[in-house]
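Protein chains: 2
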Amino acid sequence: MSMTETGVRNGVDTNTLFATLDAVKEAPEAAAFQFRASNRWVSGTHSQGTMHGYFGVGEERVHEQAFIYDVDHPEVLVGSDTGPTPVEYLLHALAGCLTAGLANIAAARGVELTEVTSTVEGDIDLNGILGLDPEVRNGFQQIRVSFVVKGDAPAEKLRQLVEQSQARSAVFDVITNAVPVSIEVDAG
Amino acid sequence: MSMTETGVRNGVDTNTLFATLDAVKEAPEAAAFQFRASNRWVSGTHSQGTMHGYFGVGEERVHEQAFIYDVDHPEVLVGSDTGPTPVEYLLHALAGCLTAGLANIAAARGVELTEVTSTVEGDIDLNGILGLDPEVRNGFQQIRVSFVVKGDAPAEKLRQLVEQSQARSAVFDVITNAVPVSIEVDAG
Numbered sequence: 000m001s002m003t004e005t006g007v008r009n010g011v012d013t014n015t016l017f018a019t020l021d022a023v024k025e026a027p028e029a030a031a032f033q034f035r036a037s038n039r040w041v042s043g044t045h046s047q048g049t050m051h052g053y054f055g056v057g058e059e060r061v062h063e064q065a066f067i068y069d070v071d072h073p074e075v076l077v078g079s080d081t082g083p084t085p086v087e088y089l090l091h092a093l094a095g096c097l098t099a100g101l102a103n104i105a106a107a108r109g110v111e112l113t114e115v116t117s118t119v120e121g122d123i124d125l126n127g128i129l130g131l132d133p134e135v136r137n138g139f140q141q142i143r144v145s146f147v148v149k150g151d152a153p154a155e156k157l158r159q160l161v162e163q164s165q166a167r168s169a170v171f172d173v174i175t176n177a178v179p180v181s182i183e184v185d186a187g
Numbered sequence: 000m001s002m003t004e005t006g007v008r009n010g011v012d013t014n015t016l017f018a019t020l021d022a023v024k025e026a027p028e029a030a031a032f033q034f035r036a037s038n039r040w041v042s043g044t045h046s047q048g049t050m051h052g053y054f055g056v057g058e059e060r061v062h063e064q065a066f067i068y069d070v071d072h073p074e075v076l077v078g079s080d081t082g083p084t085p086v087e088y089l090l091h092a093l094a095g096c097l098t099a100g101l102a103n104i105a106a107a108r109g110v111e112l113t114e115v116t117s118t119v120e121g122d123i124d125l126n127g128i129l130g131l132d133p134e135v136r137n138g139f140q141q142i143r144v145s146f147v148v149k150g151d152a153p154a155e156k157l158r159q160l161v162e163q164s165q166a167r168s169a170v171f172d173v174i175t176n177a178v179p180v181s182i183e184v185d186a187g
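As given, the protein sequences belong to chains A and R, one line each in that order. Here the first sequence stands for residues 0 to 187, where the numbers follow numbering that gives the first Met the number 0. Here the second sequence stands for residues 0 to 187, where the numbers follow numbering that gives the first Met the number 0.
Read the hints as simulated data drawn from the structure, not as lab findings. Check the hints yourself; a few may be wrong.
Each pair may be met inside one copy or between any two copies, as identical chains are not told apart.
[As the list claims (entries may be wrong)] In silico SDA-like cross-links for lysine to any residue, where the CA-CA straight-line distance does not exceed 25 Å: (1) Lys156 to Asp185; (2) Lys24 to Thr113; (3) Lys24 to Arg143; (4) Lys24 to Glu59; (5) Lys24 to Gln165; (6) Lys156 to Val56; (7) Lys156 to Arg108; (8) Lys156 to Gly187; (9) Lys24 to Arg136; (10) Lys24 to Asp132; (11) Lys149 to Thr116; (12) Lys156 to Val61; (13) Lys156 to Ser42.
The whole structure should be built from the sequences, with the hints applied where relevant.
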């Protein structure tokens, strides 16, 4: 796992990372990305989502494979439990975003990580989405993230890496700062 | 696909749906849920998330299986493309939430759906997360959802069902209204 002459640390090719930063500095428009998910309803609360194509660095691209995942509610929420709930995918996204950022930032700052695990918890009162209490919001009331981070740096430095990841996380920003969403419907 | 004597419409058991609503009306504390995702870093931007246990209707529960999904960046973002990006999971969550709500609401209002597909697009300028432009936010600048909905109701009615789903969506609320997130780190 140690830094090699190729510049790979924590599985991050730091030469490529810094080259990417330099390339975007020279051509900021390369940083305009559009990500997408498509979805097809199956039955009841069960639907299937696909993540494949996206736009970035000036052109249409595709992942090496189409990622196809089911979404559902558990039986206690009148579903068939064929996949995680939508709100769990949201917590999963937050954990993945903070963790990827942490590995990149640690690599850039010369810290070798040996273990990163996390748990994300979200509290939700379903009186909101069930429409039973107008005082209760539909979404999570609060979200808590707990990280365990080990590596070849003092605890304080490891905590600073997580703070920097939070400061640069796309999903953390979306969840804590709100994004405008427009919905259009072709019905017929 | 037609309504049967068992009360199943759109794959939604409306008897169970209404019974669940009545049960929560009588015992609002049953609606206190906690959802969770855990995550383990693999290498670079690649991590693996697990969604299995949750709390609801007064007790600890588990999904019928542990749902385990990879998260990664594509190569153009210095990753190994072994899974969707975190921000794609977020769009996927939004589509799944609006679609599940639509099926439930249509069932409750006596509308038989025959097709629901959607695409969710999110625009993001990576000058934000790369730290190259302090004026650019880290997360999506805007998100657009496009639905195609078919069923045995007039177009205007189908559009109203989507509007009601939006008004009761947990993920839509989280993304458009912000949620406080706390992060703690056990480092060492």
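Consistency of the hints with the structure:
For the identical chains of this complex, Lys156 and Asp185 are inter-copy neighbours only, at 12 Å across copies versus 52 Å inside a copy, given an alpha-carbon limit of 25 Å. When the C-alpha separation of Lys24 and Thr113 is checked against a cutoff of 25 Å, the pair qualifies neither within a copy, at 31 Å, nor between copies, at 49 Å. Within a single copy, Lys24 and Arg143 get their C-alpha atoms no closer than 34 Å, and across copies no closer than 28 Å, so neither meets the 25 Å cut-off. Taking the closest pair of Cα atoms, Lys24 and Glu59 come within 25 Å of each other only inside a single copy of the chain (21 Å); across copies the shortest separation is 49 Å, beyond that limit.
Proximity of Lys24 to Gln165 under the C-alpha cut-off of 25 Å is restricted to the intra-copy arrangement: shortest distance 22 Å within a copy versus 39 Å between copies. Taking the shortest alpha-carbon separations for Lys156 and Val56, neither the intra-copy value of 33 Å nor the inter-copy value of 41 Å comes in at or below 25 Å. For a Cα distance limit of 25 Å, the shortest separation of Lys156 from Arg108 inside one copy, 10 Å, qualifies, whereas the shortest one across copies, 56 Å, does not. Taking CA atoms no more than 25 Å apart as the test, Lys156 paired with Gly187 passes between copies only; the shortest distance there is 10 Å, against 57 Å inside one copy.
With identical chains, the CA atoms of Lys24 and Arg136 are at most 25 Å apart between copies only, with a shortest distance of 16 Å across copies and 41 Å within one. Taking the shortest alpha-carbon separations for Lys24 and Asp132, only the inter-copy value of 9 Å comes in at or below 25 Å, while the best intra-copy value is 50 Å. For the identical chains of this complex, Lys149 and Thr116 are intra-copy neighbours only, at 9 Å inside a copy versus 43 Å across copies, given an alpha-carbon limit of 25 Å. Taking the closest pair of Cα atoms, Lys156 and Val61 never come within 25 Å of each other, the shortest separation being 37 Å inside a single copy and 36 Å across copies.
Proximity of Lys156 and Ser42 under a CA criterion of 25 Å is satisfied inter-copy only: 20 Å between copies versus 49 Å inside one chain copy.
The structure is inconsistent with the numbered hints 2, 3, 6 and 12, although it conforms to all the rest.
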